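As they're listed, the protein sequences go chains A and B. Reading the first sequence from the start, the letters are residues 1 to 348 in our numbering. Reading the second sequence from the start, the letters are residues 1 to 326 in our numbering.
Hint data in this document are derived by calculation from the structure and do not stem from the laboratory. These numbers were taken from a predicted model, which means no experiment stands behind them. All residues carry an ideal CB built from backbone N, CA and C; glycine is no exception. Any given hint could be a false lead.
So the derived list for chain B, only partly shown, Cβ under 10 Å to chain A, looks like this [what the hints assert, rightly or not]:
hint, residue
1, Ala75
2, Arg149
3, Gly174
4, Gly240
5, Gly244
6, Met247
7, Thr250
8, Ile253
9, Pro266
10, Ser268
11, Ser272
12, Asn276
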Amino acid sequence: MIRNLLRAGAVTALLVLAAAPAPAQNLTGAGATFPYPIYSKWFDVYRQKTGVQINYQSIGSGAGIQQVKAGTVDFGASDAALSNDRLREMPRRILHFPTVAGAVALAYNLPGLARPLQLTPELVAGIYLGKITNWNDRRIAAANPGVSLPVAPILAVHRSDGSGTTNIFTSYLSAVSVEWREVVGANTSVSWPSGVGGKGNEGVAGLVRQTPGALGYVELAYAKQNGLPVTLVKNRAGRFMNPSLASTTAAVSGAAQALAKDVRTPIVNAPGPDAYPICGLTFLLVYQDSKDPVRAKALADFISWAMQDGQGMVEALDYARLPEAVIKVNEATLRMLTANGKPVFAGR
Amino acid sequence: MSDALTRPALIAGAPRRRRGARWADAAYRRALGALALLVFVVVALIVYETARGAAPSIRAFGWRFLVGTEWDPVADRYGALPYVFGTVVSSALAMLLALPLGLGTAIYLAELAPHRVDQVISFVVELLASIPSIVYGIWGLFVLAPFLRTFVEPWLIQHLGFLPLFQGFPFGIGMLNAGLVLAIMVVPTIASLSREILLATPPSLREAALALGATRAEAISVTVDAARPGILGAVILALGRAVGETMAVTMVIGNTNRISASLLAPGSTMASVIANEFTEATGALYLSALVEVALVLFVLTLVMNALARLLVLWATGGRSDAAGAA
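One chain only, chain B, in its complex shape:
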């Protein structure tokens, strides 16, 4: 883009109008800048407040808070490792299941589906995204759990029980159920954003690939490759939702503060322990420990976002073209 186009004030015109436009431009830029700054201020205040609230717990437990596995409100001893573990495992499981499903849906809708089919399915996918999480939680508890308990988990135990991942009792609730519910919750995010990004890639890419004699699948892989940074952005958003999800996870994960190698065992996440215990937490140190869990969750989100950014940078070699605009 040329310099003249990015600065409208420099376009030749009536001198009087130009001065007014320049003033309006500056005001516009300041107003938007202030709005953007507001987001930064809010984040800074959140960090400040949680850090302040967590201070008594940080003083009492130090780094042992992060590696401790005991969470005992009676004895006032707190360690958050089981919750960090639960958040990481349930989100990872969700992403593992949701990525192929969401991306497959997006590619089909953007590249292969007839227009009418695309319209209908896209609408339904976006509808999925607007269902409140409590509904997913209740579905997980009353529909998915009995199904897992009667069909899936006994089969897993019988055939794959030699793996530590699938040992234990088939209770229907636990890490596996939470991972599945989370996967269904984040599929719409991945699918609808990736579809938009694929549609935004220049058609010339696909046409060029086909003209060079590529098969349909090869042409699609060229498009997907071009859209990769944007798709990674969609995945980051989905991961954010999985990590922070509270209500649905609380209802199906089993809520115990134990670390188990088995996906069938109950667990707990950072968000769920805060939601569970905050309202009836009596005692200053107890409250402070819960606030520190929130702080850890915040830092974990920050680290994951940063890693994802680095991943995008690495995947694109630093390029930022139209397709990667997400």
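The following block holds chain A by itself, in its conformation from the complex:
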């Protein structure tokens, strides 16, 4: 009997001990798939450093926004900023924190060109509207002097699944083409006037690689990792820019003034001589006021860390880092976070 009691006591003690070194904090988030590789890297490094465990489910931006609305997560993540209408649907006030930037590259399949293909905004819109249908079109030749283009039908490939990449690309087309804005518009999926759809970056890239004469948009990271030939796109300053991490960060810098006013402003077709025009930010969605000061502070500390040490890790994973001006914007937003009305983040 006594032995049994002792045994039970020992078991209980072991259970208590096993539970004791639990992480200081446990945060949960859900949303976008595009930033998942860098987020999981950040969460892992941050847990080793501070013991704060952040569980993130990459269930897609749309589903992430639903979770934020339902209040089941500490934060959400989305490739598209919430519109004013959607913000009003939320039960509590939501703040946006851009974390990294990404670019959308146009991959093409035209073997044997003398130089990389160059496209103007009018050409990209014309091709995706189905108005420019052959590579020997005069307008394409005008943007590519000295390049002999084949007589071949253009197959414009788009993403068939709803995605943040499509949102960036259609936001760009809406910004540069009045006709696109009126006929199609910008969204995570739209009613495409022409072309075919492939599922995911790999589906689009597969179709482009398979089909001579195809043009399709993919995430820059995907194009880089798979060595796809990509077009240069004419930016607002009139220069043909190659999509790269540097030209993406330059685009964010170019848009910094507008971002300081409203961080949700699309950064497509940004000003600046070195800016690549088809870029976007991905966001964390955080409740402005929370009931739990400890958790709120843990999340604020993490975001602050991601803006400093975290930015050093992004380029290795093919994301573009934020310029200093936008990090400043985020730090100002951090100071707006409260728990039960009291500020949770004092700032650096």
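We have chain A already, so just place chain B on it with the hints.
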């Protein structure tokens, strides 16, 4: 069968054991009945949940949802006709191609092939059935599409281009590719089930036909005729797989919401649009429209199943013998 055999409790035996057996029997019957009822409950819940989710879309669009051809998430206007069309055409094409191939394989294996050949080929056919659909999709995109684009489609356009069915550009992906991939995916279902059913027909049928002086082919046609209800059952299962297939179709069909008479043109199916757009669907009406597509798909499956049942009834004249047990 006699009544006594179907009710074991009535077989004469020790009275005490009989009472225990009767109780066990009742428990057994109830347990199995509950399991069968569970299937019914699950289906009822699915219908209820999808109908509830689709309600905002049904209220907003009514019957126009079924005949509308516009699918515009930006303007929040939805019509599902292109997807219904894509599902029906791709499945019909698949069945048209798979039926002769699958049934031919089954007849050869069950009636003509030497035992060893039957064993090997049956194994390979069943192996085909266990390949994940994503693999078929990738094969369709990276192997079948280039083949269609370089060889098959240019030939079709050149020689049969006067038909609206074969007009357009040879891009390799589209309805034809989807139909072919689906056909390959459902052949194992038709072939292996039909083979089992043919093997289950009484050998006396074949022997009687041969004894009456029938040729080999005529004897086989007698067997196949006897197995017809079962074979129709296999075809229904295959059709179900073709209609509901998502991943492989999405990768090769081209995913555009346009209705085209040409088999070379891209299209979209109900299952593929749900898989494509559900995760990033923002907006209540958009989500609801996707759920309504699921509801339409469910109803379409139900209608097709019912029609197939009627077909079986018509083909057999209401008989239900051993060969038709499927």
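Against chain A, run the beta carbon of Thr250/B and see if the smallest gap drops under 10 Å. 5 Å, holds
Restraint check, 10 Å cut-off on beta carbons, for Ser272/B near chain A: Interface hint status for Ser272/B: holds (8 Å vs cutoff 10 Å).
Should the hint that Gly244/B touches chain A count as held when the rule is a Cβ pair under 10 Å? At 17 Å from the nearest chain A Cβ, Gly244/B fails the 10 Å test, so the hint is violated.
Does Ile253/B pass the interface check with chain A, least Cβ-Cβ distance below 10 Å? 9 Å, holds
A closest beta-carbon separation below 10 Å is what the hint needs, so does Ala75/B meet it against chain A? 7 Å, holds
How about Pro266/B: closest beta carbon in chain A under 10 Å, or not? 4 Å, holds
Minimum Cβ distance from Asn276/B to chain A below 10 Å? 4 Å, holds
Hint validity - Met247/B Cβ closer than 10 Å to any chain A Cβ: 8 Å, holds
Was the hint right that Gly174/B lines chain A, CB cutoff 10 Å? 8 Å, holds
How about Ser268/B: closest beta carbon in chain A under 10 Å, or not? 8 Å, holds
Status of the Arg149/B interface restraint (C-beta, 10 Å, chain A): Hint holds; Arg149/B Cβ to chain A Cβ min 7 Å, cut 10 Å.
Interface restraint verdict for Gly240/B against chain A (beta-carbon cut-off 10 Å): Cβ of Gly240/B sits 23 Å from chain A, so the hint is violated.
In summary, the numbered hints that this structure violates are 4 and 5.
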